[in-house]
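Construct the entire structure; sequences and hints are all you get.
Going down the list, the protein sequences come from chains A and B. In terms of this note's numbering, the first sequence opens at residue 1 and continues consecutively. In terms of this note's numbering, the second sequence opens at residue 1 and continues consecutively.
Simulated from the structure, these hints should not be mistaken for lab results. All of these numbers come straight from a predicted model, not from anything done at the bench.
Chain copies aren't distinguished; within one or between two, either way the pair holds.
Straight-line C-alpha distance at most 20 Å; calculated DMTMM-like pairs for lysine to aspartate or glutamate:
hint, residue 1, residue 2
1, 126, 17
2, 103, 17
3, 122, 72
4, 126, 16
5, 126, 11
6, 97, 27
7, 111, 11
8, 103, 11
9, 126, 72
10, 48, 16
There are 2 protein chains.
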Amino acid sequence: MEALGRQILVEFYDCDESKINDVSYIENSLIQATKASKATIISHNFHKFSPYGVSGVVVIAESHVAIHTWPEYNYCAVDIFTCGDTIDPWVIQEHLKGYLESKNVSSMEMKRGMFRMPEGQKLLFKPDQNLQPN
Amino acid sequence: MEALGRQILVEFYDCDESKINDVSYIENSLIQATKASKATIISHNFHKFSPYGVSGVVVIAESHVAIHTWPEYNYCAVDIFTCGDTIDPWVIQEHLKGYLESKNVSSMEMKRGMFRMPEGQKLLFKPDQNLQPN
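Given below as structure tokens:
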């Protein structure tokens, strides 16, 4: 079986409360962590909740990175979904661990989009442009 | 142990190829499915890839719904992340199954943000506004 994508679900506990309540800091952290992985950023969109919490998503050509923070519990939920083998999602996780100052991290990697390919065929996360008419 | 959120990871196989390659159709499907759950939509952002595929995220007050489609494999990866007990993420999953015309669905529900609360205290996914100064 081959997989189209990999997804890391990360529980960042014991984070810095004020940093994870700062929407600019969180947005910048996700962008920097994503850039460090060499993923191609398509868009990013972050929101601050009243009185606490930030939610945001960085959409990348290779899927997405999402965060939801609960400063009142020093906790952030992060999803890192990547496709292809040029991007290492664990680079993003490592950078975020530093930015969020998390002292207790629990991560799980899952495979997404499982296919059994016929002999001699490879599962491509994006079409081989050389085989396209344009 | 109590959880701040629930996340459903859904593998939609055997979807309608042309529908899952149509960015407007996918955007509308996610918005309608999210509205059906009574979640509060904050923003939505969708992209079409060349020559195939759509990625998009609906950010909701209760977290997010994300999709990545691979029309060439009739496959969509969907994440439904919700908080609180007023929203049922499975309503979103059921509606999307119909919109995507998926004939083979695999879903897994996970708990996010696990905390052991002291006796008499409840884990709140958003602060009790009555306890806030404003």
